[in-house]
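Participant: The listed protein sequences derive, respectively, from chains A and B.
Residue numbers are given in this note's numbering: position 80 of the first sequence equals residue 80, and the series is strictly consecutive.
Residue numbers are given in this note's numbering: position 253 of the second sequence equals residue 253, and the series is strictly consecutive.
Among the hints, a few may not be true.
Interface residues of chain B toward chain A, partial, derived using beta-carbon atoms under 10 Å [said to hold, decoys possible]:
#1 370
#2 373
#3 374
#4 375
#5 379
#6 383
#7 384
Only pairs whose alpha carbons sit at most 30 Å apart, straight line, appear in this in silico DSBU-like list of lysine-lysine [what the hints assert, rightly or not]:
#8 A/78 / A/117
#9 B/236 / A/43
#10 B/24 / A/117
#11 B/236 / B/417
#12 B/286 / B/417
#13 A/78 / B/286
#14 B/187 / A/118
#15 B/187 / B/24
#16 B/286 / A/43
#17 A/78 / B/13
#18 A/78 / B/24
#19 B/74 / B/320
#20 B/74 / A/43
#21 B/13 / B/24
These are computed hints drawn from the structure, not numbers from a lab.
Note that this is a predicted model, so its numbers are computed, not measured.
Glycine included, C-beta positions come from ideal geometry on N, C-alpha and C.
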Amino acid sequence: MDGSLMTLHYDVSPTDFTRAGEASSDVKNKLKQLGVSPQVIRKVAIAMYEGEINMVIHAQGGHITVDILPTMIRMELKDVGPGIEDVERAMQAGYSTAPDNIRSLGFGAGMGLPNMKKYSDTMQIDTVLGVGTTVTMTVDL
Amino acid sequence: MDTRFYHSVHLKKDLCNGCINCIKRCPTEAIRVRDGKAIIAGEFCIDCGECIRICSHHAKISRRDRPDILGRYKYTVALPAPSLYSQFNHLEDINIVLTALILLGFNDVYEVAAAAELVSEESRKYVADHPENWPFISTACPSVVRLIRVRFPNLIEHLLPINPPVEVAARLARREAVKKTGLPPDKIGVIFLSPCPSKVTYARSPLGNAHSDIDGVLAIQDIYPILLPLMKEAEKSPMDLARAGRIGVGWGGSGGEAAGMITSSYLAADGIENVIRVLEDLEDEKFSDLNFIELNACNGGCVGGVLTVENPYVAKAKLKQLNQYLPVSMTHKTPDIDNTDLYWTEPVEYLPVFRLGNSMMESLAMLNKVNRLCQKFPGLDCGSCGAPTCKALAEDIVRGNATQNDCIYVLKNHIHKLMDNANTLANNIFIGGDNAKEYIYILKQYITQLSSDISLLDASLNPSSGQEDGDGQEAD
Ligand SMILES: Nc1ncnc2c1ncn2[C@@H]1O[C@H](COP(=O)(O)OP(=O)(O)OP(=O)(O)O)[C@@H](O)[C@H]1O
Ligand code: SF4
Ligand code: SF4
Ligand SMILES: [Mg+2]
Numbered sequence: 001m002d003g004s005l006m007t008l009h010y011d012v013s014p015t016d017f018t019r020a021g022e023a024s025s026d027v028k029n030k031l032k033q034l035g036v037s038p039q040v041i042r043k044v045a046i047a048m049y050e051g052e053i054n055m056v057i058h059a060q061g062g063h064i065t066v067d068i069l070p071t072m073i074r075m076e077l078k079d080v081g082p083g084i085e086d087v088e089r090a091m092q093a094g095y096s097t098a099p100d101n102i103r104s105l106g107f108g109a110g111m112g113l114p115n116m117k118k119y120s121d122t123m124q125i126d127t128v129l130g131v132g133t134t135v136t137m138t139v140d141l
Numbered sequence: 001m002d003t004r005f006y007h008s009v010h011l012k013k014d015l016c017n018g019c020i021n022c023i024k025r026c027p028t029e030a031i032r033v034r035d036g037k038a039i040i041a042g043e044f045c046i047d048c049g050e051c052i053r054i055c056s057h058h059a060k061i062s063r064r065d066r067p068d069i070l071g072r073y074k075y076t077v078a079l080p081a082p083s084l085y086s087q088f089n090h091l092e093d094i095n096i097v098l099t100a101l102i103l104l105g106f107n108d109v110y111e112v113a114a115a116a117e118l119v120s121e122e123s124r125k126y127v128a129d130h131p132e133n134w135p136f137i138s139t140a141c142p143s144v145v146r147l148i149r150v151r152f153p154n155l156i157e158h159l160l161p162i163n164p165p166v167e168v169a170a171r172l173a174r175r176e177a178v179k180k181t182g183l184p185p186d187k188i189g190v191i192f193l194s195p196c197p198s199k200v201t202y203a204r205s206p207l208g209n210a211h212s213d214i215d216g217v218l219a220i221q222d223i224y225p226i227l228l229p230l231m232k233e234a235e236k237s238p239m240d241l242a243r244a245g246r247i248g249v250g251w252g253g254s255g256g257e258a259a260g261m262i263t264s265s266y267l268a269a270d271g272i273e274n275v276i277r278v279l280e281d282l283e284d285e286k287f288s289d290l291n292f293i294e295l296n297a298c299n300g301g302c303v304g305g306v307l308t309v310e311n312p313y314v315a316k317a318k319l320k321q322l323n324q325y326l327p328v329s330m331t332h333k334t335p336d337i338d339n340t341d342l343y344w345t346e347p348v349e350y351l352p353v354f355r356l357g358n359s360m361m362e363s364l365a366m367l368n369k370v371n372r373l374c375q376k377f378p379g380l381d382c383g384s385c386g387a388p389t390c391k392a393l394a395e396d397i398v399r400g401n402a403t404q405n406d407c408i409y410v411l412k413n414h415i416h417k418l419m420d421n422a423n424t425l426a427n428n429i430f431i432g433g434d435n436a437k438e439y440i441y442i443l444k445q446y447i448t449q450l451s452s453d454i455s456l457l458d459a460s461l462n463p464s465s466g467q468e469d470g471d472g473q474e475a476d
C-alpha cells in the first residue's frame, strides 16, 4: 500500500492447526529486528495471532498482508470463508460458533475478536456472507 | 570488562575442526564457523551449554575453578547443588555425600537445597500477593533469564524477582561461617558445586544482583571421581549435616520447583527448545489461568546439566528414590533471613541484541536487504557458510560480518558464469579476428578470477586447521 516502508505477505493454510501462528510469530521476530518497542510488538502479536487463528478455524485460511508504515503497523487479514452473519454479536466477549471438536482444542472462548479490538488501535471488519471476511487492524508505533 | 556478556562457555580452538554441528544446535544462533573455527558471539550466548553437549570433539568447554581453589581461603564452605545427590547409585543418606565433602577438604557444607526451601516459601507468598503479574516465570535457571533478557522483552515483568537458591545459600553460608569462626568474611571461601556452565556465569555475572556471594564454582563432573572413594570412607560414620527436605532436594529435577509452590495452576517445561516454545506462546498470551511457570534449560532439569555425569533421566529417578527417605521440608533448620537476602536488588533490562540497525529506518533498510539476499540463496540451510541458516548468513552480510561468496552455491554460480564467459571468449579467439591478442589478455583475467574463486571454494570446503592454543580450564 502507499507509503509502506515494508510489506510482508503470508498465506494462511486452511486446515493445518500446527502451522497457525507462524505468520504472527514471523512478524514478531521481524519487529524485534527492527527495534520496534516491546509494547507495540506485544499488541501486534496478540491481535494478529487471534486473527490468524480465526482464519483457520472459521474460514478456510486466506492471506495476511502486513504493512510497516512510518507511524503504524497495518495488518490486513483476508479470507474467502463463510463471512460473519452478525458482526456486532461476534464482537461480544464470549460469543462463539466454534464446534465442539474445536473447543476441545482450547479455542472457542469467544474472546478472539474482543482481544483484537482491545490490542489494536483501529479495527475494521468487512464481511459478506458467502464471500469472505477482511479484518484490518492498525497498531500505532 | 563488560560483565553483562561474561561467558563460561567458550571454545578450545585447537580441538575444533569446524564441523558446524554446534551452529545448528545453538538456540540463539550465537555461533558461526569462520576460517574453520567456531566463534561464539557474546551478546547472543546464554551459556546453556547445548554446544558443549553436541560437540563430539570436546572443543566447547566451560570455565570453572579447580579444586585447588580451596587453598586460597582460611575456611571453606561447600554449596552442593541438589543435582549432585542424583549422581550416585543407591544413595540413601545425603549425609554420606556431605561428609565426603568434608573429607575432601571443605570445612563445612551448606546445602543449596536448604536455601531452596526458603526460596519456595517466599515465592509462594510473593506469587500469591502479586496476581497482577501472573504467571510468574521462575528465575532459578540463569540461562532462561538470559534468554528472556535478549529475546522476550514483554516477559521481563513476569520474572520472579527472587534470588536463586544458590545465591541465598551463599549468603547464609558466609554469615554462618563468620559466626562460627570469627574470621572476616573475605577469608571464607563459599564454593558452589555446579551442574552447569550457566551457573558458573551466574556466579561471576549475576542477573538481579550487582554481585554474587559465590566465590568459586567447581563442576560436579570434576569432583565426582574424587568424591566416590571418599563416600566409601564417609559411609562408615556419616556426620549429621543434612538440613534439606523433599521440597529442597526436589529442585534438582524439573517440576521440583513448581511442586514447592504448592499450586495446581503451574506449568513446568524443560529442555531449551521446549522452553522457547513456552515463552513464544506466553508472549502471545496463549495461556490463561496459570500463576507459575517453571522453566529449565536442561532436559530433566538441573540433573541434566552438562557438567554432571549421570544420564538425566536416570538421575531424576535416583533423586525421586532418595527423596522418599526425606521429610517434606526442613526450613526449621535454617535461620531466619530477611528480604535483602531473598529479593533482587537490580532490575533485569531488555537487551535488544537482535535489532539490526540503530534506528528503525536503518533496520528496515537492512531487513529489506536480508529479504532480498535470502532469495538469492538456495534455502538449504546447509551451514557450509558457517552460519546456521541462509537467513542468518543474510543477516551477517547485512551487519557487515560476511559476504555473499561465503555461500558456496552463490560462489558456484559465479564460477559457472565466469566459465561461460571464458568459453565464449575462447571461441572468438578460435574463429580468429583482429583482436586475438586483446582477447587472450581478457581470457587470462578470467582464468585468474576463476582460480581465486576456486581457492575461496577450497577454503570453505577444507577449513584450515589452525594450531593456536585455546585456553583450558581456568582459575580466576
Ligand atoms: N474470519 C472469520 N470468518 C467467519 N467467521 C468468523 C471469523 N472470525 C470470527 N468469526 C465468527 O465470530 C465468532 C467470534 O469470534 P472470536 O474470535 O471472538 O471467538 P472464537 O474464535 O469463537 O473463540 P476464541 O477466539 O476465543 O478461540 C466466531 O465464533 C465465528 O462465528
Ligand atoms: S566447536 Fe562446533 S564446529 Fe567446532 S568441532 Fe565442536 S561442534 Fe564442530
Ligand atoms: S536447567 Fe539447571 S543445570 Fe541446566 S542450565 Fe539451568 S540451572 Fe543449569
Ligand atoms: Mg477466535
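Participant: Next, verify each hint and record whether it holds.
Facilitator: Now for the hints, and whether the structure bears them out:
1. 370: Holds. Min distance 8 Å.
2. 373: Violated, because the Cβ-Cβ distance from residue 373 of chain B to chain A comes to roughly 14 Å (cut-off 10 Å).
3. 374: Because about 12 Å separates residue 374 of chain B from the closest Cβ in chain A, which is outside the 10 Å limit, the hint is violated.
4. 375: Nearest chain A Cβ about 13 Å off; hint violated.
5. 379: 15 Å, violated
6. 383: 20 Å, violated
7. 384: Violated, because the Cβ-Cβ distance from residue 384 of chain B to chain A comes to roughly 24 Å (cut-off 10 Å).
8. A/78 / A/117: 17 Å, holds
9. B/236 / A/43: 63 Å, violated
10. B/24 / A/117: 39 Å, violated
11. B/236 / B/417: 78 Å, violated
12. B/286 / B/417: Distance of about 51 Å is beyond 30 Å: violated.
13. A/78 / B/286: 23 Å, holds
14. B/187 / A/118: The given pair, whose Cα atoms are some 58 Å apart, is violated under the 30 Å limit.
15. B/187 / B/24: Not satisfied, since the Cα-Cα distance of roughly 44 Å exceeds 30 Å.
16. B/286 / A/43: 13 Å, holds
17. A/78 / B/13: With Cα atoms ~52 Å apart, residue 78 of chain A and residue 13 of chain B exceed 30 Å; violated.
18. A/78 / B/24: 36 Å, violated
19. B/74 / B/320: Violated, at roughly 36 Å.
20. B/74 / A/43: 56 Å, violated
21. B/13 / B/24: It holds: about 18 Å lies between the C-alpha atoms, which stays within 30 Å.
When the structure is compared with the earlier hints, violations turn up for hints 2, 3, 4, 5, 6, 7, 9, 10, 11, 12, 14, 15, 17, 18, 19 and 20 and for no others.
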